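K.L.:
Here is what each chain is made of, one letter per residue.
Number of protein chains: 2
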Amino acid sequence: MATLHGIGIPSRMLIDGLPGDQLSVLDRAVQYGDGLFETIRLAAGYPCQWQRHMDRLILGAERLGIEMPDTALLAAEAAEVTWGQHDGILKLILSRGEGGRGYAPPSPAITRRMLLTYPLAANHGQQWRDGVTVRYCQTPVSINPVLAGIKHLNRLDSVLARAEWHDPAIAEGLMFAATGELVGGTMTNVFVWDGRCLLTPPLDRGGIAGTVRGLTLELAARLGIDCLVTRLDRAALDQARGLFLTNSIIGVWPVRELSGRRFDLTHLPWTLLDRLYSAACTAG
Amino acid sequence: MATLHGIGIPSRMLIDGLPGDQLSVLDRAVQYGDGLFETIRLAAGYPCQWQRHMDRLILGAERLGIEMPDTALLAAEAAEVTWGQHDGILKLILSRGEGGRGYAPPSPAITRRMLLTYPLAANHGQQWRDGVTVRYCQTPVSINPVLAGIKHLNRLDSVLARAEWHDPAIAEGLMFAATGELVGGTMTNVFVWDGRCLLTPPLDRGGIAGTVRGLTLELAARLGIDCLVTRLDRAALDQARGLFLTNSIIGVWPVRELSGRRFDLTHLPWTLLDRLYSAACTAG
Chain V
19 MATLHGIGIP SRMLIDGLPG DQLSVLDRAV QYGDGLFETI RLAAGYPCQW QRHMDRLILG
79 AERLGIEMPD TALLAAEAAE VTWGQHDGIL KLILSRGEGG RGYAPPSPAI TRRMLLTYPL
139 AANHGQQWRD GVTVRYCQTP VSINPVLAGI KHLNRLDSVL ARAEWHDPAI AEGLMFAATG
199 ELVGGTMTNV FVWDGRCLLT PPLDRGGIAG TVRGLTLELA ARLGIDCLVT RLDRAALDQA
259 RGLFLTNSII GVWPVRELSG RRFDLTHLPW TLLDRLYSAA CTAG
Chain C
19 MATLHGIGIP SRMLIDGLPG DQLSVLDRAV QYGDGLFETI RLAAGYPCQW QRHMDRLILG
79 AERLGIEMPD TALLAAEAAE VTWGQHDGIL KLILSRGEGG RGYAPPSPAI TRRMLLTYPL
139 AANHGQQWRD GVTVRYCQTP VSINPVLAGI KHLNRLDSVL ARAEWHDPAI AEGLMFAATG
199 ELVGGTMTNV FVWDGRCLLT PPLDRGGIAG TVRGLTLELA ARLGIDCLVT RLDRAALDQA
259 RGLFLTNSII GVWPVRELSG RRFDLTHLPW TLLDRLYSAA CTAG
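Top line first, the protein sequences correspond to chains V and C.
Quick note: the first sequence uses this note's numbering, first residue 19, plus one each step.
Quick note: the second sequence uses this note's numbering, first residue 19, plus one each step.
Source of the hints: derived by calculation from the structure; they are not laboratory data.
The structure presented is a predicted model; accordingly, all values stated were derived computationally and were not measured.
Glycine is no exception: its CB is placed at the ideal position from the N, C-alpha and C atoms.
Heads up, some of the hints might be wrong.
Claimed, not checked - A few chain V residues facing chain C, derived, Cβ under 8 Å:
hint, residue
1, 40
2, 132
3, 161
4, 181
5, 196
6, 205
Only chain V is shown next, with the shape it has when bound in the complex (with noise of 0.2 Å):
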């Protein structure tokens, strides 16, 4: 653990049910990236939308072929290794378990859960206070319907995207396909709003359909807002009057400003934000 560097070190380990932070090198997540993961949100010392990670973890694991452990086990784990913690990340790991060589799953196949739990970053909620400043990133998207949605381990373009600045005032970059159609933040999805309407990229080639995204769509509608699922381009962020940005773990993002343009934070229709906010970081 000396070497180890980044935003986060683990506070506790669970690997199949026992402490510990060590796998064997034949895990089919070191070999192909064959798993999935969820990034939970811990407030009040329980995990938030639960239930939305738990039925995007079964669709992927459906969508993969992966045995899918029972999600009362998988609570029983988080609560174990998030046990003290009021407020902080839960990541959850399932992999295909380990393999021979080759890429044919192995049959039958023992899949690996692995719960790591992490402390907030320092300046968490700041962001959702005062916006945040976005960029657009060169990398593309990987394009495979058949992936596309689900949380799974092949997340390279995501990485090089993120590897794009160093700059710590920017927080996030919006990524495209190589067909110029945008799908999401390297880590959020995107909300566009036109004054009137809300528009945010379909999920059906690339991109990760994030819980918040879920919760923003239902409570978009339970607030009698539109919100129109359709491909979006450079363009049609160059005409929007405002921009937010998703995720499970931050909640909301406003953005500020986006490649050098500003925007006016008030023009945001603040009651679903404020709802959405609350509602991401609530356990259930």
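Go by the hints and put chain C onto chain V.
P.N.:
Chain C alone, transformed into the frame defined by chain V:
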């Protein structure tokens, strides 16, 4: 190891120069598939086409921004882990090493080296003599121009394609982009023979630039056989007089049957194939 299934169990493993098979769950290969690999044929106690494998690894490391270890160190570790093994397979995995939470590469990052050896499959060589049966896969290849060609660890497209069949009589499946163009097999590169000329797909959007693919292009040029790198679709495959597949472990597989259509193997350019097979399995 008792629960391990699949086509091969490693004979020996070396992680960062030390015997062992465990690594941290915080390794970015586990978290994001953030790394590269090479699968190298051992013959007469030596790794075949070592320089081609190193060249591809160097290119991949540049593309991902991963610090490349000294190839002399990798050669020394390869010699250590394969010591006393006459024939077999050496798998070499490089990851970006351990990191904190989030896609941003850790700085500094300490590249992790993982070397594993495997025995050859029991029926190795038989398919070179008899030819193989091949099918079409439904799973599309992941498309990303920035990741195309290199042998990175984001391999879920090949995993899902390989999971489409269980019939051991089928040796390989051909994969296409969602747009319909042929990219390659799940673990091979594809060459079409039209009777006068070789055709093989470009790898500018997806797929892996195989070491034996490179060797094929060079040997064909030396033998005066035209080889066209060009986009191919199902129709082009339907018009093929013959077909062969290449990879670093098998060398060459002539295709006897593709999705029910049988080929006369005598139509293939055997001068090339014979040289290719021995060159692919030669130390150097």
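K.L.:
Please go over all the hints and tell whether each is borne out by the structure.
P.N.:
Verification of the supplied hints:
Of the supplied interface hints, the one on residue 40 of chain V holds, with its beta-carbon coming within about 4 Å of a beta-carbon of chain C, less than 8 Å. Among the interface hints, the one on residue 132 of chain V holds; its C-beta lies about 5 Å from the nearest C-beta in chain C, closer than the 8 Å criterion. Of the supplied interface hints, the one on residue 161 of chain V holds, with its beta-carbon coming within about 4 Å of a beta-carbon of chain C, less than 8 Å. A distance limit of 8 Å between C-beta atoms decides the matter here; for residue 181 of chain V the minimum to chain C is near 5 Å, and the interface restraint holds.
The beta carbon of residue 196 of chain V is positioned within 8 Å of a beta carbon in chain C (closest approach about 6 Å), and the interface hint is therefore held. Proximity of residue 205 of chain V to chain C holds as hinted, the smallest CB-CB distance being about 6 Å (cut-off 8 Å).
Hint compliance for this structure: no hint is broken.
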